[in-house]
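Read top to bottom, the protein sequences are chains A and B. Numbering-wise, this note's numbering comes out as the position in the first sequence, counting from 1, plus 684. Numbering-wise, this note's numbering comes out as the position in the second sequence, counting from 1, plus 2.
The set of hints was computed from the structure by calculation and includes no laboratory data. One should not assume that every hint holds.
[What the hints assert, rightly or not] If you want the ones that stay clear, here's a sample from chain B, every Cβ over 10 Å from chain A, calculated:
1. F4
2. Y34
3. K97
4. E145
5. N153
[Unchecked claim] Listed next, with one range per pair, are the computed distances between beta-carbon atoms:
6. B:S149 to A:K751: 26 to 36 Å
7. B:Q31 to A:K1276: 48 to 58 Å
8. B:Y95 to A:S1321: 17 to 27 Å
9. A:S806 to B:Y13: 55 to 65 Å
Here a beta-carbon is modelled for each residue, glycine too, at the ideal position from N, C-alpha and C.
Each chain, letter by letter, is given below.
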Amino acid sequence: MNNDIENYKEFLISRILLRDIEEYTKEDKEKLQFLRRDKVDDIVISVEYTSSSIIGGIEELFLAIEKYIDKDSKNYRLVKTGSLGLCSKELIIGIQLPGKTNLILRNINLENFQAVFESVFSKHVSSDYIYGQFRNVLLESWKGVSFIDEIAFFANQQRVVLDNCGRINPESIEEYIANGGYKSFVKALNNYTREEIAEIVEKSELRGRGGEGFLTGKKWKIAINTESNNKYLICNAGEGDPGAFSERLIIESDPHKLIEGIAIALYGIGANKAYIYIEEYNRLAIERLTKAINSAKEYGLLGHDILQSGNSFDIIIRKGAGAYVCGEETALIKFLEGERGMPINKPPYPATKGLFGAPTVVNNSETLINLPKIFEKGPKWYRAIGIDSSKGTKVFSLAGKVENCGIIEVEFGTKLREIIFRVGGGVLNGEKFKGLHIGGPTGRVVAEQHLDEVIDFENENIGENLDGGIIVLDEDTCVIDTVKYFEDFLKKQSCGKCIPCREGTRRISEILENITKKPVDNDNHTTLYRFKGVMQLETLAEVIKETSLCGLGKRAANPVLSSLKWFREEYEEHIFDRECNAGVCQELRTFKIDVEACTGCTICAKKCPTGAIIGTQKAPHFIVQENCIGCGICYKSCKFNAVLSM
Amino acid sequence: MFDINLILNKYPFVKKDDLVPILQDVQEQQGYLSEDAIKKIGEYIGIATSKIYGLATFYSYFRFVPKGKYHIRICEGTTCHINKSKLLITELYKKLKIRDKETTKNNLFSLEITECMGACSMGPVMSINDKYYTNLTLDSFNEIIDSYINN
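Given only the sequences and the hints, what does the whole structure look like? Please build it.
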């Protein structure tokens, strides 16, 4: 069989894309099996190569593996894959021996990879490195190794958007097509009219994943019904939230699926040009998207007169420049027009008057990635997933103090408890669960009593905040500090157009700053004053919400309001007791030296940055509380555990 | 050598919406936006220099001073934050006496605080030029920075 994958273009277009599955011959199927790596003659080493694993050191490891393969006498096929979603088990490498299923190895590094590879070849692998194996009926499975769909992390997920992630080579259009890719686009183009496309999307009840949860089909219809020669589609893959990385990893792992989704949408809306907005620092995602667009053009799936249908589509990548407010659709349009990304009043909605004055549909990238599956399996199939008010699945980046950090996809209607404790594997190091933060800087903090809330756009506690990620907080995390962090972020990112948002976020940030600091005097009056500030937060939040133009301002006070509601005792502890039990708010910490245990070694006194520790050699030391800034250096440097944190 | 004309020639039918991509190209090649470059862009597109500054300062990506020999990026994403990356940042402020997007006087170090590098399982994360450092503690962080300072 011809092993040069790039020579499959003709075959993939004429025999796979343009024909029904029933018409495939035996020879076709064999070729597909080769491309899908269902049956292999060589040893296949698949390396998870993503932005996350690059930080973990995959670049060096990849070079080392290439060298190793060159020297070895066996035949190899080395492929890059995207992410399975399991960031905490990195570096992850799959090895597929001829006739055997793909074995997924975890925690691989430069030092151990040779030994682990050889143990795989001799079929005696230490369980420390085995994560699981892919299920494949055509191949012999490894004994005593669980299939990955049985492992809790995967078993409790439903993967519609992520189904290719970590399995296929994101840089190869051949593999994507061999795994059923672009078939939906060809089907849409050949079998349906424009109106039918929008009808199908509306019937699937797909809701926008960007935050508001507006029905995608409905939005499209507004744009379709607006008369204009020129229409645009904007794919928002900006994801400027700190702590969210799902869109970036999906694009890195399966860029063609987004391209296919965009192509279907362009056809449905009747637009010729789409812009993908993606932050500049997502280098690998941009690189793979560019490559995907170029190969789709080579295959005639983008560009002029696609598959002789008379449709011409073009996709342009526009790198973001670091403005969180550009996640708002009107601000994003301003950015693309070459202006400051400031939101404008709606209506007119972008769907009637958007980019360069033309009707523009702005869809989130996750929304668009759902389209190929909807067209492959039909709207009815899609509607069966999820619950009444929200259909389909939702992707989250799961991070913070959680065992399985990574990207996950769950059906709507899944409880938070299942996400944290089944998929996520519980709190990191078995610590106690305190709460979680969902939805990025404009999201909310919820507490333990909300673990039974379900993922649903209509849920009153979390429904508005399904964009972004889930951050798990444990007992060592201070809620006030986390909220302060988000408010600081919003303060920096407020575009400054609406004064209540610009000044209000600043005030919120100041009030929070004030209660995480040691008061200047011990007067009861200051305590009262600090408490008054917190009480006024609620009024302030209300004003910002009512008088701001865009989503950023309207939701800016969410973190504060939700934490005040569910973690009030923590606020009181900070204000009245001036304590931070999590030990995070440094300036609230006080230290004391245990006179019995102190040997007078003077280390702490030497290291103290403010000279707050006094005492002579070989005699117990003392801390002058007025000079102490609570940095904790003495606590860390004491070898006799004589410094006590209060 | 950096030549702005090579970038401008890529945009023969320049329109206003090409401004951000041009600025991005300049920053990518030059490392920052120099006054000279901004003036030339303004002449080329026909926009006042002040307008370009107005736009560029709105977006946090653009910097107006050259990067140092060692460009330090520290992640201040949510997970890195709850893993106490703030301690590292304040430590760096003290050590190098520079803030976000600034460069030391001897042009050795420049600092960039990023939103999320996407390696949340390994936080806090930092990169110096192309090398990444993960799971940082105050001690390991100090060791790394000191080794650069002493070299």
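Comparing the hints with the structure gives:
1. Once the 10 Å rule is applied to beta carbons, F4 (chain B) is consistent with being away from chain A; the minimum gap is 19 Å.
2. The non-interface label for Y34 (chain B) is consistent with chain A: the shortest C-beta to C-beta separation is roughly 14 Å, beyond 10 Å.
3. Listed as outside the interface, K97 (chain B) is consistent with that label: its C-beta sits roughly 13 Å from the nearest C-beta of chain A, beyond the 10 Å cut-off.
4. E145 (chain B), annotated as away from the interface, keeps every beta carbon of chain A farther than 10 Å; the closest lies near 15 Å.
5. No beta-carbon of chain A comes within 10 Å of the beta-carbon of N153 (chain B); the shortest separation is about 21 Å.
6. At about 28 Å, the beta-carbon gap between S149 (chain B) and K751 (chain A) stays in the expected band of 26 to 36 Å.
7. Between Q31 (chain B) and K1276 (chain A) the beta carbon distance is about 56 Å. The supplied range of 48 to 58 Å therefore holds.
8. One distance hint, 17 to 27 Å for the beta-carbon pair Y95 (chain B) and S1321 (chain A), holds here, with the actual separation near 21 Å.
9. For S806 (chain A) paired with Y13 (chain B), a C-beta distance near 58 Å keeps the hint of 55 to 65 Å intact.
Of the hints listed earlier, there is not a single one the structure fails to meet.
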